[in-house]
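Participant: Going line by line, the protein sequences match chains A and B. Mapping the first sequence onto my numbering, position 361 (from 1) lands on 364, and the numbers just tick up by one. Mapping the second sequence onto my numbering, position 89 (from 1) lands on 92, and the numbers just tick up by one.
Quick caveat, the hints were computed from the structure, so don't treat them as lab data. Treat the hints loosely; a few may be bogus.
Identical copies carry no separate label here, and so any pair may be met within one copy or between two of them.
[What the hints assert, rightly or not] Restricting the straight-line Cα-Cα distance to at most 20 Å, the calculated cross-link-like pairs of lysine-lysine (PhoX-like) are: (1) LYS180 to LYS293; (2) LYS293 to LYS263; (3) LYS180 to LYS263; (4) LYS60 to LYS147.
From a predicted model like this one, the values you see are computed outputs, not experimental measurements.
Number of protein chains: 2
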Amino acid sequence: MERLNKPLKVKKIVVLGSTGSIGRQTLEVIEMLGPQYKIIALTAGTNDSLLAKQVIKFRPKLAVLSNEEAAGRLSEALNGIGCQVMSGDQGQEIAATLGEADLVVMAQVGFSGFKPLVAALKKGKDVALANKESLVIGGEILNKMGLLDRTRIYPIDSEHSAIWQCLRSGRKEEVDKIYLTASGGPFYGKTRKELSHVTAEEALKHPNWNMGGKITIDSATMMNKGLEIIEAMWLFDLCLDQIEVVVHRQSIVHSMVKYKDGSVIAQLGRPDMHLPIQYALTYPERLESKFENFDPFDLVLDFKKPDRENFPCLDLACRAIKEGGTMPAVMNGANEEAVRSFLTGLIGFNNIAEMIEAIMNKHKPMSDPILQDVVAADRWARREAKVYITAIERRMN
Amino acid sequence: MERLNKPLKVKKIVVLGSTGSIGRQTLEVIEMLGPQYKIIALTAGTNDSLLAKQVIKFRPKLAVLSNEEAAGRLSEALNGIGCQVMSGDQGQEIAATLGEADLVVMAQVGFSGFKPLVAALKKGKDVALANKESLVIGGEILNKMGLLDRTRIYPIDSEHSAIWQCLRSGRKEEVDKIYLTASGGPFYGKTRKELSHVTAEEALKHPNWNMGGKITIDSATMMNKGLEIIEAMWLFDLCLDQIEVVVHRQSIVHSMVKYKDGSVIAQLGRPDMHLPIQYALTYPERLESKFENFDPFDLVLDFKKPDRENFPCLDLACRAIKEGGTMPAVMNGANEEAVRSFLTGLIGFNNIAEMIEAIMNKHKPMSDPILQDVVAADRWARREAKVYITAIERRMN
Numbered sequence: 004m005e006r007l008n009k010p011l012k013v014k015k016i017v018v019l020g021s022t023g024s025i026g027r028q029t030l031e032v033i034e035m036l037g038p039q040y041k042i043i044a045l046t047a048g049t050n051d052s053l054l055a056k057q058v059i060k061f062r063p064k065l066a067v068l069s070n071e072e073a074a075g076r077l078s079e080a081l082n083g084i085g086c087q088v089m090s091g092d093q094g095q096e097i098a099a100t101l102g103e104a105d106l107v108v109m110a111q112v113g114f115s116g117f118k119p120l121v122a123a124l125k126k127g128k129d130v131a132l133a134n135k136e137s138l139v140i141g142g143e144i145l146n147k148m149g150l151l152d153r154t155r156i157y158p159i160d161s162e163h164s165a166i167w168q169c170l171r172s173g174r175k176e177e178v179d180k181i182y183l184t185a186s187g188g189p190f191y192g193k194t195r196k197e198l199s200h201v202t203a204e205e206a207l208k209h210p211n212w213n214m215g216g217k218i219t220i221d222s223a224t225m226m227n228k229g230l231e232i233i234e235a236m237w238l239f240d241l242c243l244d245q246i247e248v249v250v251h252r253q254s255i256v257h258s259m260v261k262y263k264d265g266s267v268i269a270q271l272g273r274p275d276m277h278l279p280i281q282y283a284l285t286y287p288e289r290l291e292s293k294f295e296n297f298d299p300f301d302l303v304l305d306f307k308k309p310d311r312e313n314f315p316c317l318d319l320a321c322r323a324i325k326e327g328g329t330m331p332a333v334m335n336g337a338n339e340e341a342v343r344s345f346l347t348g349l350i351g352f353n354n355i356a357e358m359i360e361a362i363m364n365k366h367k368p369m370s371d372p373i374l375q376d377v378v379a380a381d382r383w384a385r386r387e388a389k390v391y392i393t394a395i396e397r398r399m400n
Numbered sequence: 004m005e006r007l008n009k010p011l012k013v014k015k016i017v018v019l020g021s022t023g024s025i026g027r028q029t030l031e032v033i034e035m036l037g038p039q040y041k042i043i044a045l046t047a048g049t050n051d052s053l054l055a056k057q058v059i060k061f062r063p064k065l066a067v068l069s070n071e072e073a074a075g076r077l078s079e080a081l082n083g084i085g086c087q088v089m090s091g092d093q094g095q096e097i098a099a100t101l102g103e104a105d106l107v108v109m110a111q112v113g114f115s116g117f118k119p120l121v122a123a124l125k126k127g128k129d130v131a132l133a134n135k136e137s138l139v140i141g142g143e144i145l146n147k148m149g150l151l152d153r154t155r156i157y158p159i160d161s162e163h164s165a166i167w168q169c170l171r172s173g174r175k176e177e178v179d180k181i182y183l184t185a186s187g188g189p190f191y192g193k194t195r196k197e198l199s200h201v202t203a204e205e206a207l208k209h210p211n212w213n214m215g216g217k218i219t220i221d222s223a224t225m226m227n228k229g230l231e232i233i234e235a236m237w238l239f240d241l242c243l244d245q246i247e248v249v250v251h252r253q254s255i256v257h258s259m260v261k262y263k264d265g266s267v268i269a270q271l272g273r274p275d276m277h278l279p280i281q282y283a284l285t286y287p288e289r290l291e292s293k294f295e296n297f298d299p300f301d302l303v304l305d306f307k308k309p310d311r312e313n314f315p316c317l318d319l320a321c322r323a324i325k326e327g328g329t330m331p332a333v334m335n336g337a338n339e340e341a342v343r344s345f346l347t348g349l350i351g352f353n354n355i356a357e358m359i360e361a362i363m364n365k366h367k368p369m370s371d372p373i374l375q376d377v378v379a380a381d382r383w384a385r386r387e388a389k390v391y392i393t394a395i396e397r398r399m400n
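With the sequences and hints as input, model every part of the structure.
Facilitator: This is the structure in structure tokens:
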């Protein structure tokens, strides 16, 4: 328990998905932490103008955009500042496996995080994981490949960061269950009928958290909590029935661990992603933060059972992990397409769950899949999603 | 993190104060835990009939009563069952330092816990401490004597057990502050004027906890929380301004630790002393318990600033530890006498704080006291208390 007196080594960080919500906040934390943390690579999908600004500020040696045209523009914008620019999946994987990286932050959205995660884990990298979809899709495979080394995957999701922190208070085999808290999102308390009228704009107004579009819609449907159940199973080696979802509207208690002796350890804090991001970056240490100013006074916290009837996505996710194999990838792919379609106004809010369920019903999950099977299942689900949406559009016209 | 496969050694336990509330619950926990925990000595003050029953059930080799006559009766009652009976301070100290004891549970009430604690720590014993008064009185001296080895003192107080559990989630130097939760007791929300009418009977009805008489009255005056602040300072090596009291009427969150990164770790559970007792007995392991059945659903938890005006004992305790030396012993001695006088109807509720303050005002604390000075300060405070009470009685007649 003594303060470390040795001079601190500079920690070299790669940030995948740096232009998204978690990526931008990761850069804010790294800036606050000071020169002990050095960014050596940044990657994004298509946003070349923001990535260019980030590169100019943080001076990594490598910058990657998935989109080739955008990468071309980035290359021009960065002309002469000594940063290599790459593009496509290959570029992302190179960034994810840079030899000198001490920690790879995975902050991409959705399926795009999957292959870089596999690559980074194969290379033996320490990974700070914000991309829950990659574990939903590939947890089973990564586990079978022996790549789910839980000492090297640091969760960034606030709930999983909370569990990770609470797990320090006991041994793994002493855990009885965990309580994943859920805000319930902007529509909690509404009936199915009321939900049929809600708009994407309303769904994007999350009561507590300021997050990216995909996760905000997932939070409104409660699919986010479903994905998090699966993520928690793989991250912490738990069974489905060791995980309970608790609706906690205030988003102050970020999750809890119940030990076998009846003691419950909870992690609390303001709903601010800077905290779990910082914890993953500085782990096993806790450093001073300028972002948080938690104060318990005048807090009122409540906890309820989730409404599984009006928010069926929670059970769809549980069904997917129970069926296993390629089913979680299908569920996830269908969800990503459904969310995209809802955001662009193609389908209504209740159609999201309906569409995922319809696609899952059509899928016969393959057990013991390999990497390619999971990728194929994801593609299949997305094709089915397009068929489904076309049918809806036809119905509406 | 691996399950221990070695055969488990029997843990030999001494319970001081076994007929009190914590003592009785300690025996219940030990009974539940099974043959891996063996009681080798039991001690109490005067209750020979209960102690005799406990001895017959748990078969320790030594039983001690402070009161000599009661010890005589115990000796008769236990005739022929092979348990040595002793009496007085000397007997208590022998029990506290038994060579073969693996853990000494200190569950006495008030000052009587002090000398056995010093003796046990001097002998290098592991101590499970429920007696907070001994640290209030002697924390400074024990610290100077190098006897406050924090790896060997296991707190039983629910708040301190909570802090102890939450401290596993970070390093000592990473702690920003701790929040000690307080139920507020049966009278919280009342004004000074309303408090002038409350009776001992009303005070003994604690809303959440089923505890002994002394601590229940301390809880009603909030002196209990003042004593706990001082206890926490010595147990966890904290400054006074690192400790905040939070009124939490539901007694579900037992206390919290705020780390420098802004993360707050809390321990929750039903208000049941069996849990912290068990944790102290089984530490560093957590074993299955049949006592707890925590469930977060439908909980509503709130947190408020304490009312220091109508409950001045909190500030009296803070003043005592700030002035230091012999002052905490004087404050504690005055409080013990005041509580006793309130319970027997000699003084009113508000007189408790008034009396403690008056006695503290008369005392010029000696700095750098030795053991005898602290014992003398305690005696002086009790004599002053009697003078004070006689004056009140005269006023009332």
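Participant: Hints first: check each against the structure and report whether it holds.
Facilitator: Consistency of the hints with the structure:
1. In the homo-oligomer, the alpha carbons of LYS180 and LYS293 lie at most 20 Å apart only across protomers (16 Å), although the nearest pairing inside one protomer, at 33 Å, exceeds that limit.
2. For the homomeric pair LYS293 and LYS263, the shortest alpha-carbon distance between copies (9 Å) is at most 20 Å, but the shortest distance inside one copy (36 Å) is not.
3. For the identical chains of this complex, LYS180 and LYS263 are intra-copy neighbours only, at 8 Å inside a copy versus 28 Å across copies, given an alpha-carbon limit of 20 Å.
4. Taking the closest pair of Cα atoms, LYS60 and LYS147 never come within 20 Å of each other, the shortest separation being 40 Å inside a single copy and 53 Å across copies.
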